[in-house]
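*Asks:* One-letter residues, chain by chain:
Number of protein chains: 4
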Amino acid sequence: MASKPFAIIAGVGPGTGASIARRFAKAYSVVVLARNPDNFQPVVDEINSAGGQATGISTDLSDSAGVKSAFEKIAQQYLGSALAAAVFNSGGGFVRKPFLELTEQEFSSGFESQGKGAFNFAQGVLPLLLQAKGLEHPPTLIFTGATASLKGSANFSSFASGKFALRALAQSLAREFGPKGVHVSHVIIDGVIDIPRTKQWQFEHEDAKLDPEAIAESYWHLHAQPRTTFGFELDLRPYVERW
Amino acid sequence: MASKPFAIIAGVGPGTGASIARRFAKAYSVVVLARNPDNFQPVVDEINSAGGQATGISTDLSDSAGVKSAFEKIAQQYLGSALAAAVFNSGGGFVRKPFLELTEQEFSSGFESQGKGAFNFAQGVLPLLLQAKGLEHPPTLIFTGATASLKGSANFSSFASGKFALRALAQSLAREFGPKGVHVSHVIIDGVIDIPRTKQWQFEHEDAKLDPEAIAESYWHLHAQPRTTFGFELDLRPYVERW
Amino acid sequence: MASKPFAIIAGVGPGTGASIARRFAKAYSVVVLARNPDNFQPVVDEINSAGGQATGISTDLSDSAGVKSAFEKIAQQYLGSALAAAVFNSGGGFVRKPFLELTEQEFSSGFESQGKGAFNFAQGVLPLLLQAKGLEHPPTLIFTGATASLKGSANFSSFASGKFALRALAQSLAREFGPKGVHVSHVIIDGVIDIPRTKQWQFEHEDAKLDPEAIAESYWHLHAQPRTTFGFELDLRPYVERW
Amino acid sequence: MASKPFAIIAGVGPGTGASIARRFAKAYSVVVLARNPDNFQPVVDEINSAGGQATGISTDLSDSAGVKSAFEKIAQQYLGSALAAAVFNSGGGFVRKPFLELTEQEFSSGFESQGKGAFNFAQGVLPLLLQAKGLEHPPTLIFTGATASLKGSANFSSFASGKFALRALAQSLAREFGPKGVHVSHVIIDGVIDIPRTKQWQFEHEDAKLDPEAIAESYWHLHAQPRTTFGFELDLRPYVERW
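Those protein sequence lines, which keep their order, are chains U, R, Z and D. Sequential numbering of the first sequence, starting at 66, is according to our numbering. Sequential numbering of the second sequence, starting at 66, is according to our numbering. Sequential numbering of the third sequence, starting at 66, is according to our numbering. Sequential numbering of the fourth sequence, starting at 66, is according to our numbering.
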């Protein structure tokens with residue numbers, strides 16, 4: 066395949082992941098990963114129809130064998146291309162329950178999705194990011210955090226432990242791979258995102274939901290930073306959000 | 066068995082766990098949990114010889130079935146006694162490796178030990194702590210954190226993600242169970258502890274290692290706080306530690 | 066004067082400061098500082114009547130000349146005694162106003178009280194703490210923080226900037242003087258304290274206010290830690306506090 | 066004067082401030098403030114020569130009367146124009162000394178510059194930002210932080226207390242004025258910036274200093290965010306920086 070650089074976006078449904086894929090598709094060929102092809106197919110089709118290049122691969126990121134096979138497909142398809150950016154945007158593992166009603170599996174689902182999923186993704190993309198050459202911007206790996214990345218709340222022990230683990234991973238990777246030229250970032254999304262699933266949620270104020278296109282623009286900004294000036298963490302919230 | 070309140074200490078080897086067990090045994094009957102009986106037997110014997118009451122149970126906290134069976138034994142043995150305090154002090158899950166050399170299992174071992182282990186322990190002790198009556202001090206659940214609870218460093222992604230997850234769990238439980246009268250705390254041990262394993266480690270200054278007896282004294286202090294004045298987080302380090 | 070060690074408590078009214086003075090007076094002769102003698106006289110009398118030793122000195126800590134003269138008096142009176150502990154507990158500088166209604170002087174009052182006041186106090190006590198000999202516990206300097214030490218909120222810019230500055234000072238001193246054997250701590254009081262001024266404040270739950278005696282007990286605990294195991298920061302709140 | 070929106074940049078020397086002024090001058094007329102006109106005149110001339118609009122005003126931000134008079138000049142000159150963005154980038158108040166060698170004035174210089182200076186600046190710009198109409202991007206107020214915004218270190222108590230106070234102010238203003246539509250941000254510059262003063266500083270790795278143009282680009286990015294998606298805090302550092 067051609068030498069156009071590519072980006073991999075994991076966790077692509079009709080929300081933020083799709084917006085990120087669209088934004089990065091302006092510059093790169095994009096590969097989008099999600100468990101369910103129904104989730105990524107619309108944005109793949111949209112990008113390809115608009116003259117961009119997009120491929121979807123169905124993968125469960127918490128399954129290391131599946132991830133390995135997905136990355137073998139990617140390696141084959143993008144042989145000779147440089148991986149410019151990778152975004153881990155998985156929203157899985159969200160369980161909200163009183164602690165004593167949680168099963169071990171429910172509790173662990175936060176880590177399965179946010180910790181192990183991010184691990185498998187990072188294992189797949191980092192070797193490619195490290196060997197990427199000839200890029201306009203430093204190779205970049207961005208993780209999507211949440212309010213629960215900074216605060217464990219009642220009934221949120223599963224999701225918070227997953228998001229805390231993800232932030233630990235992001236910090237560890239930034240400190241290990243930053244000096245090797247890979248830009249690792251962690252973005253904290255603090256609020257409700259304006260996506261199809263939240264369309265009918267009512268708020269007192271207008272514009273009270275995060276715009277996924279604006280989130281994607283911030284991810285691109287982080288990617289476009291030179292290695293002299295890497296941003297690690299950025300928190301995003303609507304102007305009326307209480308925090 | 067008699068109505069003397071009891072305490073459960075998980076993660077008891079020849080170091081901090083033993084000191085905590087000894088300290089709480091001054092006031093309570095203690096149950097100590099560890100995977101390997103060789104680790105807890107000396108302190109159990111020591112406490113019993115000195116006129117205290119101690120029992121050891123061999124358990125792998127990351128195995129929910131094993132934990133359940135351990136707590137059944139405890140319920141039987143301490144029928145009619147109130148659980149006054151529970152301490153999660155597991156040191157497992159420490160892997161230090163460059164990220165790309167980690168297997169999925171090695172990465173997950175941090176969470177298995179620190180996240181899932183703490184989950185299983187908390188599931189076992191919280192129902193007992195909630196129903197404890199007639200205690201001098203509020204029922205207490207303390208988790209042991211580390212430098213890696215606050216900072217993910219190069220080569221520490223496994224342990225840091227486990228310790229971050231543990232801190233998320235502790236915060237979540239403090240916010241859920243504090244208002245129900247259970248005191249949940251998280252202690253950050255920032256430095257090398259003076260235990261048999263670190264005896265020969267040399268430092269430039271004297272007294273440069275944390276004293277496990279002093280750590281235990283701080284755990285007891287947290288336990289002895291009234292519900293008007295619960296401490297959540299305390300960081301402990303030697304006077305010469307750089308931080 | 067005799068060789069009994071002494072403690073200096075700054076910011077002593079009928080609340081936390083008085084409780085801290087009472088607690089430290091069990092072991093030491095105490096000097097209490099406050100702007101208004103009416104604030105410290107009752108606890109001074111109480112301690113002296115109960116067989117302890119207490120002196121009050123009227124000082125405005127944000128006035129460096131006044132502080133200097135107070136410390137000259139102290140040096141004279143406690144010649145030959147070791148300063149065992151010093152507590153900065155000033156509650157001044159609390160202004161709550163919409164930002165655009167603040168005068169420069171109101172905004173600065175947070176720093177005047179919490180920053181400059183703590184600076185002057187630390188300048189006075191640190192030389193004495195550094196030269197203290199023959200103490201049972203390491204010489205200790207404790208600063209009282211608040212919710213506003215960690216979070217700047219709407220209408221709290223004055224107090225929060227003062228309390229943030231105080232925490233910066235405490236961290237800086239801990240890192241500079243810890244290795245010299247002085248234990249520097251910062252305690253975050255997160256909630257309403259049960260003092261005469263808040264007696265009539267109503268809460269939904271009982272025991273919803275911090276107990277100043279329990280706060281004082283935690284300050285003493287920090288003081289009693291050996292240098293192997295210094296606690297830097299502890300956050301205290303009522304069991305029902307939302308955080 | 067014309068209706069072109071304008072920006073005010075405080076703390077403009079030959080480094081970051083100049084780069085920020087240049088960047089915002091691409092879209093706006095800019096007013097630059099600094100104590101010494103020698104510091105801002107080169108960038109004012111450069112912007113005007115290049116077809117932009119720039120004015121410099123000599124002001125000491127820690128002097129409220131001087132700031133008032135500066136803002137009267139600005140109000141007159143920009144009558145009818147909307148203030149689109151304001152940046153507080155003052156580098157003053159940096160003192161590095163052992164604590165016991167600090168005078169009260171040296172200690173306070175951190176707050177004078179970073180706290181009181183930012184207060185006076187915010188008092189001047191917020192009324193203009195609140196009434197700004199017809200802008201492409203939400204009116205924005207950005208504060209420049211540093212490593213010392215998050216960590217008080219030995220010998221840094223003056224600067225750290227000033228930078229902590231500034232962060233408290235920024236958080237307070239974000240929470241008060243965000244819901245009123247003003248975007249308040251705080252950027253943490255963690256490392257050495259590549260400016261004339263640091264030109265000869267040697268580092269082991271190339272590109273080890275932050276690029277002021279890249280910093281300015283991040284400030285612009287924050288300014289360009291819609292109110293649905295306000296970033297509050299971003300930390301920037303060179304890829305090889307240890308943190």
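Calculated from the structure, these hints are not laboratory results. Fair warning: this is a prediction, and the values are worked out from it, not measured in the lab. Here a beta-carbon is modelled for each residue, glycine too, at the ideal position from N, C-alpha and C. The reader is advised that the hints may include incorrect statements.
Listing some non-contacts, in silico: residues in chain D with all C-beta distances to chain U over 12 Å [to be verified]:
| hint | residue |
| --- | --- |
| 1 | R87 |
| 2 | N113 |
| 3 | G116 |
| 4 | A130 |
| 5 | S134 |
| 6 | E137 |
| 7 | F159 |
| 8 | E166 |
| 9 | K198 |
| 10 | A239 |
| 11 | D272 |
| 12 | D276 |
| 13 | R292 |
Once the Cα atoms are required to be at most 25 Å apart in a straight line, the calculated SDA-like pairs of lysine to any residue come out as [unchecked claim]:
| hint | chain 1 | residue 1 | chain 2 | residue 2 |
| --- | --- | --- | --- | --- |
| 14 | Z | K133 | D | E166 |
| 15 | D | K245 | Z | F268 |
| 16 | U | K133 | U | L167 |
| 17 | D | K198 | U | A279 |
| 18 | D | K91 | U | P291 |
| 19 | R | K245 | Z | F164 |
| 20 | D | K133 | Z | Q170 |
| 21 | U | K138 | R | E169 |
| 22 | R | K216 | U | G157 |
| 23 | D | K133 | Z | A219 |
| 24 | D | K162 | Z | L195 |
| 25 | U | K69 | U | A289 |
*Asks:* Look at each hint and say if it fits the structure.
*Replies:* Okay, the hints, checked on the actual structure:
In this structure D:R87 is separated from chain U by more than 12 Å, as the shortest Cβ-Cβ distance comes to about 16 Å. With a least beta-carbon separation of about 27 Å from chain U, D:N113 lies farther than 12 Å from that chain, consistent with its non-interface assignment. For D:G116, the requirement that its beta carbon stay farther than 12 Å from each beta carbon of chain U is met, with the minimum near 26 Å. The claim that D:A130 lies off the interface holds: its Cβ sits roughly 33 Å from the closest Cβ of chain U, which is beyond the 12 Å cut-off.
Listed as outside the interface, D:S134 is consistent with that label: its C-beta sits roughly 32 Å from the nearest C-beta of chain U, beyond the 12 Å cut-off. Non-interface status of D:E137 relative to chain U is upheld: no Cβ of that chain comes within 12 Å, the nearest being about 30 Å off. Annotated as non-interface, D:F159 keeps its C-beta farther than 12 Å from every C-beta of chain U; the closest such distance is 21 Å. Annotated as non-interface, D:E166 keeps its C-beta farther than 12 Å from every C-beta of chain U; the closest such distance is 34 Å.
The Cβ of D:K198 lies farther than 12 Å from every Cβ of chain U, with a closest approach of about 17 Å, so its non-interface assignment holds. With a least beta-carbon separation of about 9 Å from chain U, D:A239 fails to lie farther than 12 Å from that chain, contradicting its non-interface assignment. With a minimum CB-CB distance of about 5 Å to chain U, D:D272 fails to clear the 12 Å threshold, and the non-interface call is violated. Look at D:D276: its CB is around 4 Å from the nearest CB on chain U, not clear of 12 Å, so calling it non-interface is violated.
Interface exclusion of D:R292 from chain U breaks down, the closest Cβ pair being 4 Å apart, not more than 12 Å. Taken as a hint, the Z:K133 and D:E166 pair is honoured in the structure, with Cα atoms around 15 Å apart against an allowance of 25 Å. The hinted pair formed by D:K245 and Z:F268 fails the criterion: a straight-line CA distance of about 31 Å is larger than 25 Å. For the proposed pair U:K133 and U:L167, the alpha carbon gap of about 31 Å is over 25 Å, so the pair is violated.
Under the criterion of a C-alpha separation no larger than 25 Å, the hint pairing D:K198 with U:A279 is consistent with the structure, at around 21 Å. A hinted pair counts as satisfied when its Cα atoms are at most 25 Å apart, and D:K91 with U:P291 qualifies at roughly 21 Å. At roughly 38 Å between alpha-carbon atoms, R:K245 and Z:F164 are farther apart than 25 Å, so this suggested pair is violated. The hinted pair formed by D:K133 and Z:Q170 meets the criterion: a straight-line CA distance of about 15 Å does not exceed 25 Å.
For the hint linking U:K138 to R:E169, the alpha-carbon distance of about 20 Å falls within 25 Å, and the restraint holds. Proposed proximity of R:K216 and U:G157 is supported: the alpha carbons are some 24 Å apart, at most 25 Å. Between D:K133 and Z:A219, the direct Cα distance comes to roughly 24 Å. Compliance with the 25 Å bound is thereby established for this hinted pair. Straight-line distance between C-alpha atoms of D:K162 and Z:L195 comes to about 18 Å, which keeps the hinted pair within the 25 Å bound.
For the proposed pair U:K69 and U:A289, the alpha carbon gap of about 17 Å is at most 25 Å, so the pair holds.
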